[in-house]
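Those protein sequences? They're chains U and L, same order as listed. Here this note's numbering is used: the first residue of the first sequence is 32, the next is one more, and so on. Here this note's numbering is used: the first residue of the second sequence is 37, the next is one more, and so on.
These are calculated hints, taken from the structure and not from any lab test. Note that the structure is a prediction, hence the values are computed from the model and not measured.
Each computed DMTMM-like pair below joins lysine to aspartate or glutamate, with the alpha-carbon atoms no more than 20 Å apart:
no., chain 1, residue 1, chain 2, residue 2
1, U, K258, U, D208
2, U, K309, L, D122
3, U, K194, L, E298
4, U, K300, L, E312
5, U, K304, L, E312
6, U, K304, L, E298
The primary structure of each chain is shown beneath.
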Amino acid sequence: MEYSIGGLRDMFLGNVRRLDEIIGYAKISGDVAEIDASGLVHKEINDLMRHCALQGVKKIVLRGVCGQRYIGTRLHFPNPGAKLKIEIEIYGYPGNDLGAFLDGHRIVVHGNAQDGVGNTMDSGEIIIHGRAGDVVAMSMRGGRILIRDDVGYRTAIHMKEYKEKVPVLVVGGTAQDFFGEYMAGGRVVLLGLNLDDKPHRARYIGTGMHGGIMYIRGRVEPWQLGKEVGIVDMEAEDWKFIEKHVGDFCEIFGIKKDEVLGGSFLKLKPVTKRPYGKVYAY
Amino acid sequence: MFSHLLPEFIVERRDDRCIRCRVCERQCSFEVHRYDEELDRMFSDEKKCVGCQRCAVLCPTDALIVRPHPGEYRRNANWTGERIQDLKKQAETGGVVLTGSGNDKPYRIYWDHIVLNASQVTNPSIDPLREPMELRTFLGRKPDALELRFNGGDYEGVEIATELHPNVMIETPIVFSAMSYGALSYQAFKALAMAASEYGTLFNTGEGGLPRELRKYGKNAIVQCASGRFGVDPEYLNCAAVIEIKIGQGAKPGIGGHLPGEKVTLPISVTRMIPEGTDALSPAPQHDIYSIEDLSMLIYALKEATNYEKPVSVKIAAVHNVAAIASGMVRAGADIIAIDGLRGGTGAAPKIIRDNVGIPIELALAAVDRRLREEGIRNKCSILVAGGFRCSADIVKAIALGADAVYIGTPALVAMGCTLCQKCYTGKCNWGICTQDPYLSRRLNPEIGAKRLVNLLRAWSLEIKEMLGGMGINAIESLRGNRDHLRGVGLEDWELEVLGIKGAGE
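Chain U with its partners taken away, still in its complex shape (with noise of 0.2 Å):
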């Protein structure tokens, strides 16, 4: 159907098919299915991943994935009987919002990402061969994200925790500024492998920050931190951890664990949680 606003074709919502336009584009075979996203909206994606989900499919595979954004995110059904887990495998190059406010399921992707990956996540897995664009993980208060390659700037911004819901994020190389500004909880690993022994070079890591706990492995100089986090000394705990989610992520990425934990680490937790408690006269 054609929308248009004062004239102009809506960019989300011009020329988007009905469902049985396009129901050809996805070729469901038992519990799996595959969708040929070349040539198919953001929209029309979901709506087909969405009438995939309903039919009962366990598996979805997108081929020819361009630029369209917020796959996944539709995937969230109100009262459902059993907790759908959908395992989503896409090949190509995702849109902004990958996986945002993704309910549970798990995104594999085989190529770059762009900006918002797991923007607001609740719950589930993403996984990136490749790096990712600005905004990783923002707000996102569950499950875990792994990208193989760089991210950019302001990355897990505000992202949060809440009693057993701890979100985790590894990245395998390099951030750009404002890594880690306002986080409120959640873990997030920085590895650096790409750097070939070079410092990271992010400025005002951690700004803001007032809950979680930051893991950076590789150099960093403390005039690249904020004022509002430390270094603090790693203990068998956050061993424990390193050990469990860099050992998953080297074996998804086919990487030597023990080079990787062989690394120096550095434990950044916010100085306080309540940074602007005194900004106030009363």
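We have chain U; now place chain L onto it with these hints.
Coordinates of chain L only, in the frame set by chain U:
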């Protein structure tokens, strides 16, 4: 406590009436009243008094009078007592002066300079007591045109062929403003939810999440997705009637929010999904929105997350160029645009921001409505306005200026007991509204609060019907944007021009 400040209020205790029952002492969370057993006398520490009048109205013998303190500095139109005292507080602490509630400065209140029309001779007025009068309002995007399909020769089988966007029906064009659980007590929050549900309108969760047991009121909830993203999970989004992206707030345009750690008690932490005792910081911007295109991205992310079943609202503070911003918001895909004016309230804001930033809602509304009409996109969104509505006439005037419905915050709080003492940020609200202290919040019974809110909605709706009837209009739809029914009194030409109304007598 600050040194060398004059008290703001004087507490006069008429000793011949005082029976030493100590009600005032128990009721005052600011610890103004104290009983001395030895002397069998009540004492008051006036410096602590905020003038909320709780003690005065609960005193069984009416022995108490609380009024502005007569002690003054030398009169000075430039240096008012308030300015002197605020400055002294800052000199003592080096901090930002906080306040609660809405802007109390004497900016022009345009509602008081706009008068309504009534029918005389040339067209009949309508009596709403006997004739049908429609206040029902639909919030959401409307189609450009309606295509009807006639099945057969009669009109039995008529159906709408156009694909419609989701709309939410409310019984009266009055919606409760965003006030979070955390800013409000659980009791006050629940009362709003119950009242909205009973009357068939909406309440707004603010950005503090929606407690699980209150999700049954989701059909009447506008849930906010703000920069802090507190309590935002797929279920929260999907249980609601409307989702609102909060960009700004009239009381504090351009700055974020800050629920201090001491207010993040266990139940608050459960709802916001953050650990107990940590500061709940809402950053000033949404970090995934730096442009209209980014806004569009979040709007559609939320539509995706809710299967395109709910209207998405975007709330901004009324600021300069609001009309151009609103146009961008509509083009970005907002189904509802909510605009909060200069006099909008808050639980806590820096006073300097509350009192100086933003523009009056009357002017913002008129500018936005006109701009969207000129661009031919007014039907693409509903306009919700907030910030400083005090009575049903303000609402009627707002609708005639182009609003679809109105957000009320302060009036709802006043209905539940608030006396506008502006101390919301202290967490010591004696009326049990803006506090997390169970001793204080118990004072507000949610059932009674809800009853009073429903009464308010009913009373204002009746008044709106009376005013509509007087104008010879029988549906609120016919008043929407109908500026012919407004005239300005005592306004300058430029103000009439912005408002798009004629002066009285024309």
